[in-house]
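K.L.:
Here are the chains, one letter per residue:
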Amino acid sequence: MIHAILVFNSHGRPRLARFYQRLPEEAQQQIIRETFQLVLKRDDSICNFLECGSLLGGSDYKLIYRHYATLYFVFCVDSSESELGILDLIQVFVETLDKCFENVCELDLIFHVDKVHYILQEVVMGGMVLETNMNEIVAQIDAQSKLEKSEGGLSAAPARAVSAVKNINLPELPRNINIGDINIKVPSLSPFV
Amino acid sequence: MRGLAVFISDIRNCKSKEAEIKRINKELANIRSKFKGDKALDGYSKKKYVCKLLFIFLLGHDIDFGHMEAVNLLSSNRYTEKQIGYLFISVLVNSNSELIRLINNAIKNDLASRNPIFMGLALHCIANVGSREMAEAFAGEIPKILVAGDTMDSVKQSAALCLLRLYRTSPDLVPMGDWTSRVVHLLNDQHLGVVTAATSLITTLAQKNPEEFKTSVSLAVSRLSRIVTSASTDLQDYTYYFVPAPWLSVKLLRLLQCYPPPDPAVRGRLTECLETILNKAQEPPKSKKVQHSNAKNAVLFEAISLIIHHDSEPNLLVRACNQLGQFLQHRETNLRYLALESMCTLASSEFSHEAVKTHIETVINALKTERDVSVRQRAVDLLYAMCDRSNAQQIVAEMLNYLETADYSIREEIVLKVAILAEKYAVDYTWDDVQGYAAKTVFEALQAPACHENLVKVGGYILGEFGNLIAGDPRSSPLIQFNLLHSKFHLCSVPTRALLLSTYIKFVNLFPEIKTTIQDVLRSDSQLKNADVELQQRAVEYLRLSTIASTDILATVLEEMPPFPERESSILAKLKKKKGPSTVTDLEEIKKERSSDMNGSAEPTPVNASNVSTPSPSADLLGLGAVPLTNSAPAPSSSGSLLVDVFSDSSSVAAPLAPGSEDNFASSSDLASSEVVSEEPADAVHDADELIHKFICKNNGVLFENQLLQIGLKSEFRQNLGRMFIFYGNKTSTQFLNFTPTTKPVDPIVDGGAQVQQVVNIECISDFMDAPILNIQFRYGGTLQNLSVKLPITLNKFFQPTEMSSQDFFQRWKQLSSPKQEVQNIFKAKHPMDTEITKAKIIGFGSALLEEVDPNPANFVGAGIIHTKTIQIGCLLRLEPNLQAQMYRLTLRTSKEAVSQRLCELLSEQF
Numbered sequence: 556m557i558h559a560i561l562v563f564n565s566h567g568r569p570r571l572a573r574f575y576q577r578l579p580e581e582a583q584q585q586i587i588r589e590t591f592q593l594v595l596k597r598d599d600s601i602c603n604f605l606e607c608g609s610l611l612g613g614s615d616y617k618l619i620y621r622h623y624a625t626l627y628f629v630f631c632v633d634s635s636e637s638e639l640g641i642l643d644l645i646q647v648f649v650e651t652l653d654k655c656f657e658n659v660c661e662l663d664l665i666f667h668v669d670k671v672h673y674i675l676q677e678v679v680m681g682g683m684v685l686e687t688n689m690n691e692i693v694a695q696i697d698a699q700s701k702l703e704k705s706e707g708g709l710s711a712a713p714a715r716a717v718s719a720v721k722n723i724n725l726p727e728l729p730r731n732i733n734i735g736d737i738n739i740k741v742p743s744l745s746p747f748v
Numbered sequence: 007m008r009g010l011a012v013f014i015s016d017i018r019n020c021k022s023k024e025a026e027i028k029r030i031n032k033e034l035a036n037i038r039s040k041f042k043g044d045k046a047l048d049g050y051s052k053k054k055y056v057c058k059l060l061f062i063f064l065l066g067h068d069i070d071f072g073h074m075e076a077v078n079l080l081s082s083n084r085y086t087e088k089q090i091g092y093l094f095i096s097v098l099v100n101s102n103s104e105l106i107r108l109i110n111n112a113i114k115n116d117l118a119s120r121n122p123i124f125m126g127l128a129l130h131c132i133a134n135v136g137s138r139e140m141a142e143a144f145a146g147e148i149p150k151i152l153v154a155g156d157t158m159d160s161v162k163q164s165a166a167l168c169l170l171r172l173y174r175t176s177p178d179l180v181p182m183g184d185w186t187s188r189v190v191h192l193l194n195d196q197h198l199g200v201v202t203a204a205t206s207l208i209t210t211l212a213q214k215n216p217e218e219f220k221t222s223v224s225l226a227v228s229r230l231s232r233i234v235t236s237a238s239t240d241l242q243d244y245t246y247y248f249v250p251a252p253w254l255s256v257k258l259l260r261l262l263q264c265y266p267p268p269d270p271a272v273r274g275r276l277t278e279c280l281e282t283i284l285n286k287a288q289e290p291p292k293s294k295k296v297q298h299s300n301a302k303n304a305v306l307f308e309a310i311s312l313i314i315h316h317d318s319e320p321n322l323l324v325r326a327c328n329q330l331g332q333f334l335q336h337r338e339t340n341l342r343y344l345a346l347e348s349m350c351t352l353a354s355s356e357f358s359h360e361a362v363k364t365h366i367e368t369v370i371n372a373l374k375t376e377r378d379v380s381v382r383q384r385a386v387d388l389l390y391a392m393c394d395r396s397n398a399q400q401i402v403a404e405m406l407n408y409l410e411t412a413d414y415s416i417r418e419e420i421v422l423k424v425a426i427l428a429e430k431y432a433v434d435y436t437w438d439d440v441q442g443y444a445a446k447t448v449f450e451a452l453q454a455p456a457c458h459e460n461l462v463k464v465g466g467y468i469l470g471e472f473g474n475l476i477a478g479d480p481r482s483s484p485l486i487q488f489n490l491l492h493s494k495f496h497l498c499s500v501p502t503r504a505l506l507l508s509t510y511i512k513f514v515n516l517f518p519e520i521k522t523t524i525q526d527v528l529r530s531d532s533q534l535k536n537a538d539v540e541l542q543q544r545a546v547e548y549l550r551l552s553t554i555a556s557t558d559i560l561a562t563v564l565e566e567m568p569p570f571p572e573r574e575s576s577i578l579a580k581l582k583k584k585k586g587p588s589t590v591t592d593l594e595e596i597k598k599e600r601s602s603d604m605n606g607s608a609e610p611t612p613v614n615a616s617n618v619s620t621p622s623p624s625a626d627l628l629g630l631g632a633v634p635l636t637n638s639a640p641a642p643s644s645s646g647s648l649l650v651d652v653f654s655d656s657s658s659v660a661a662p663l664a665p666g667s668e669d670n671f672a673s674s675s676d677l678a679s680s681e682v683v684s685e686e687p688a689d690a691v692h693d694a695d696e697l698i699h700k701f702i703c704k705n706n707g708v709l710f711e712n713q714l715l716q717i718g719l720k721s722e723f724r725q726n727l728g729r730m731f732i733f734y735g736n737k738t739s740t741q742f743l744n745f746t747p748t749t750k751p752v753d754p755i756v757d758g759g760a761q762v763q764q765v766v767n768i769e770c771i772s773d774f775m776d777a778p779i780l781n782i783q784f785r786y787g788g789t790l791q792n793l794s795v796k797l798p799i800t801l802n803k804f805f806q807p808t809e810m811s812s813q814d815f816f817q818r819w820k821q822l823s824s825p826k827q828e829v830q831n832i833f834k835a836k837h838p839m840d841t842e843i844t845k846a847k848i849i850g851f852g853s854a855l856l857e858e859v860d861p862n863p864a865n866f867v868g869a870g871i872i873h874t875k876t877i878q879i880g881c882l883l884r885l886e887p888n889l890q891a892q893m894y895r896l897t898l899r900t901s902k903e904a905v906s907q908r909l910c911e912l913l914s915e916q917f
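Residue numbers (our numbering), protein chains in the order written: chain F, 556 to 748; chain G, 7 to 917.
It is worth saying that the hints were derived from the structure and are not from the lab.
Note that the Cβ used here is the ideal one computed from N, Cα and C, for glycine as well.
DEER-style ranges, computed between Cβ atoms:
no., chain 1, residue 1, chain 2, residue 2, range
1, F, K701, G, A237, 30 to 36 Å
2, F, L595, G, R232, 39 to 45 Å
3, F, L595, G, T447, 38 to 44 Å
4, G, A237, F, S600, 33 to 39 Å
5, F, S600, G, Y414, 18 to 24 Å
6, F, E657, G, N121, 25 to 31 Å
7, G, L485, F, S600, 55 to 61 Å
Chain G with its partners taken away, still in its complex shape (with noise of 0.2 Å):
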């Protein structure tokens, strides 16, 4: 194709962009006019033609035409045009619906040509593009050329490929059947690459099919014990560099990964290959050359990554930690990068924490010393892992040490980890020093001419809970502090402007000696009539406030904030939406959970309402500016929030501003163990479960009615604690005296008509079954009444939704498949069984609804984790609908036998 090499010569010679780009031009315009010309074109012409798109192509022109020309092509009986012409369709893919049926009906006749060299170049087509179309047509043919007798071994390989790519792009249209045990016999097949592309094959259909493909695993066990006993020249050909099928190796462990530790026969032989490549690292190489090591420590790699997988042999965890421990310090960073990584993911087994903690000196030398960004942030991401309450000091300095010089992309998250570890594992200073500190340090930086609206949030913030601490010295008098706040008021927006006025009114109560100044400031046309009406109102209320309000009042009101209540840190949050579902901190909450299991965890414990009295459930320090201050009800589940605002809650009702403004609970009542003591015979517990049932999926309504009471509710939830408003309403004309319910003390006196409110905090210790139960007495009519309802707290309310990948959900699904961790229920459907009714139910229950995770697109996948005090509990779901005979399959998989169960008859229910 002299042409075609003159062309690209053309092109090479070109001094300029611009001389380059008007020779393609002219050369486009020239195929095009071929192409359309009346002349028809010789199969030579077109070759070529689509030989110098393509090449056009990669020089990052974009290509139009020239589809239709390559299709033809496929139809040519010259195997060179028909390469071309697929090639040309791989590389240029194109949706015209009339091309991929003129396409797939090439590829139809090529695949039943059975001339392997064209059914190659077809599969090949298939699997490079992959199209839903291409599926339709073909993934029924696909497995039959894959197991049939007759099929060279090169097409098996492609075969298989090509089922798996289809498999990805559209699972719905591959469906099981008898081909799978055909299938999974490959992995005896002679030929090495036939077993290669089946295992790849295997390993991704067997992540969501795992028990249709569990066959594989002694097979594969059995594969790979051949392959590592063997000596190097028994393969041959698949001998790379001394070591036997390398790559093989590798995928044979990586399909053992999709299951959990085999049986005990097929498991003595997986331990005894495990050992063997464990030892082959210690013999010295055979080669010196770079491609020895690697094919070898792939394999090396993959092992250890099973034995972390299985996380059941403590005496191979350990020597994987030691093996891990040399290549920490070997000359290769390829090796130092894989074994950083590796130990990251072993520091969260309990069997070798203790081990990899051995290696930090190792490691933050790493940190220290690696000239490679990749490098130190795998050091960082280990130091974090193998952080507890015993190094977290040295660990954090270290880390803060590096903060100074670390590369720019990876600084945020070494200050969320930082402050993550910190928060953790800090517990030896008084909480008076960090807050001096902090209002010192923030006071300085302040102090530079500009600064970032999110320090000014921060620093207002701050002073004003903790200027006072600083107010001593005259640099940073109370006065001087007003007035380097006020400075960067006027360039800030909205939302930080309302937090500093808050922060005036603060001020107020802090530093009498100011108060005229910033009532002044306050005063001002700018803030009374400020046409932002948040402003305009805060302006107007703090003014009233200061000028009315006596001090005991002031101080009442603007107390200092209450410590947060323990909860999932939201750094923690942040950081994983960064790094994604599946990083090593999820790992580390697995294995918490697992570990908490293992010791016996506390005996599940009721819920308890305390006085958690926060302003918020949503104040969060450090989740800066991700949602502006509006007066809106507050989001229950954002999970970056403002910051703590006395103006943050305003449309709650009667937002607390202050620890025991409002909840007084007279004692810590204990709802759940309260008994009924009645003078008259009480109502039955209003137990029915129905009633519980109603708020499973919603957390506001009608909970109770008779005929002189309607009780209604409005709750919300988040991590291990809630907050509930009860309505206690009189339906009649008459006062109810010596109104209580058991829950805390309200006005005893309710008027006929009248509507009295509580508000309830929760917080969930621990997993449980059984509901709190509401008592209520009065008099009504000179009876006394007596009541008692179930409050629909279940433990389906501290469920956070959690989005994960597909291959993420199966990976723990399986990680969760232990007989007592699942619970399956079989039963009827109670409600006409609506798609969209019942993924709003799913969402309702608390858990994620995880789309395009289940093959079959008729099932409803949910995960999600349940917060408590006390643990976590990864919780996975899946509903099977069954149309036809109108049941329902619910299993439940959670590291918690009784979470399972619990979570399966609560969501029962609701179908």
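Bound conformation, chain F alone (with noise of 0.2 Å):
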């Protein structure tokens, strides 16, 4: 099972926090915080996987980590769920993003949390892998948009705000989450169907 996704950029900023079990607010911002810790000192060069200790209250639980330019993606496991599938779970998340934000960077996030929310949502449910069909995932969140454009174009809105704030400031902040040579941006997985 998974008990926590949490995703922060490398200040240790959160950026979504997801937790499968319940904890009270100040457990989960020390998980938070701990957690970035246990990553941030780790090169990359090194394994995704960690023994996170009594963090989550389990002693056989992992981190299981991707980092993605200025985001950190980790997932708190269980020794139920294989390491590597977790692994691609993350990676099928990031380019799932990818393809609703359409170069999904960490604005994205931080603008549309409710959004990112709802794809993960699609991915993960109470724990368990949901749906890892990306096509499908893609889709339901197809729909979803379709419904919330029919009641009212809301959406809209809110995307332009982002492309004004995007304009104005945050040089610092690279525009694409670039995945080096993990190239998150596959046009599509049609030559493969």
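Work from the hints to combine the two standalone chains into their complex.
P.N.:
Shown next as structure tokens:
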């Protein structure tokens, strides 16, 4: 089971936090901070798994994480999950974000916390893998967007706001999550289908 | 939602933490006033504010309001409003009962709406919150949605995971029923997303209800086989970087790990699958992308786990080992990490232990060169797992080397492991060498100006025992040793000081030349009049002892401590505690049991009362400082314990100070086989089993009583050792003459009304059925009395309780599923069926009582290990009461049939 999903940037600012077990808010923040400390000091070439001690209460829990540009994606799982499977699941989640936001960047996560949650909900539910087929996930999200638009085009407003903000400040933030050789921007998976 | 974007930008532009907090507080006040205001908010505004609250919450600020507004959004018929309402509730779970009632109401409506999108939102909310209240409200409903013919695939997926979550929180509220067989058939569903979710659900349910779901094995195998043999294009969207349905394959392989190897027909197909997966690993990669290799290897590692779990096909095991061997040298750190981890479990299989050992150089190299502490940690684990007599020296040396540079976080564990391996495999050095070396080493370590108190304890003990071995060196002469220890004395806590006082009296014996110096110290007011009663008593008694006892008596009283008896290493216990119950060490033990069974272990030997005479069964060098030195009774169950100390056992009757001072058996009389030789018709052996049954769950009480004699018992057991105090009371007013129990001689004359006592040490050599018999002869008024009673020494006395999680329990339960390992008894209750009494009896029986393991809370589940000298036998038990019928069903599973049988007999008598 996946017990928590955390996304934070390289300054430790949380960008997404989802816990699948009930924890007081303080404990949640503590876990985010400690996880950040654990993950930050590891350089990129070493392995993507680490034991997190009793951080979330279970001695056999592991942190499985991936680092994309300014963001760390961390899944805290117990021994019933396959490490490599989770690593790929993170990739699926990020690739899906990339498709839904068209070249996702940290700002998208900031200004669309809700949408990020909705995308995550299509991948993981109650701590279990719900869907791994990216086309299916994107189709669900598209259907949601259509519904939103039909209910009054609300989604257009924040998009405008984001582009305004993107243009004004934050020169230090790279525009895209650059994934290096992992290359998130697979245009589509159609050639493999 | 422009307001939201502006607010977020504001926060991001804040220059300091203070400014940010100020801005947030302003916003919170604003939202609060809006929520409380007179003007009713429209859905859009509510949605906007709820979004803001989510953002503020993410930044780490407490949100204590807004729940009601979010709940209101649930009943909106606008999708976006409903959606954000559910999100808020899932992220900021609140246990206010009124809110929960409202939330459950909204969920109920959405589930009944037949609108798949609304149903999906509601199911997500249940799965993410997963509270007991939700389980109460919906556990009956979800299975229906899951198996209904007209439910859409996406809803089925959600319903499966939703049910899984509810089952995790409240298994008692999810009753098995007709739906289970239909869920199993979801493994054949066309939609792979549905199959994946169903597999997760079945895996969890099958762990606790293996019988109910055993048909899933053949379905899972055929599904897996179809995936594995498919071309990479067959599964379309579920092909991930050329690997067909990797997640589903992993899940199916996990499901199969809930069961033992399947029947031959299915097994052949499964073996084919596993071989195909192993073959594919050797094919050139279809893509250079890391995702391709990740997905492929995720399946491969899971297949290897299954092979190790089944532990039945030597051919596959060796192939698995070779594959992992390749990964050990792979350039991907992740693969090296996982290979080390898997190999660790492989090392405990007898088929592959030798194959694993061939990789020793690679693993040692990993320890030296890996840059990542996680990987080095795995290498240490593997070295530990692959260690045996043949390579112990090399492995211990490498671990010691590594220790010097190891990360602080894992040093303690390495030290423990080194100690265990050294203890287990060291054979070729003589004790003297070690003792002298130890004395020299602690002496040097104590030179440091500031020492940890534990070092002072160790130093005090070792120098007190073996200081004479280094006293020849003028640099560590007796006086120097004494002064060194005494210089630490005043900085130490009372328990340590008490221990040092014992060291001093030992010095009086070892080094007569410094006797007066030590007497002066003992005589000083700070000792003799010490406010601490323990210290004062020791000072007074030791001073007296040193003054009045002759050299011979001193030498006898303060003789060197005897070697420790064979027992489970306390270090091992400590390591287990540190690493949790599901560690390699445990696996190793189970394996050991299994293999010793296969090799036909020694015939059951009865318990022998033997002359194992140690001061305290709890004496334990390395359990430093876990228990302070006190005068209280020895705690039989505490695992960590004090340093061996002359007074550590002070409350037990005449604590033995040296070997042989108490338990001088005339000969090691064989209790079990002794025959009654009677001049006159002897009383029949009082083996009426009730006597024994009375003592199964307790250790103290009256064993036997007639008009002449009363026999009382007090006993304690730990690991495979036990000690029994037997009290013989003469109830008459006349002397008993020639009083001879077969255990060992006592004073042959027992005065009227007097009581004699004796101590018997017990060692369990192997598992056994029959209790040893105690024969007693004495003359009373001219007649020879002959008496035989069974001593209540039963197999369960050598139980050590084992705590384990529900998952571990059922995993082991399943591992012990062969018909020979299980013994079951259904019987009528002989006593009132009281839950608390039953619990107490199971604990008294010696096993751990595991709470919240059995899905049915009325049942009792226990686990423990029977310790014998030759083997340890893991035991699991389950007691199912049926109140209506006033019946019980008791099931015992252990790795040994005779043990299951015996424990079941013993325990059945108790209820």
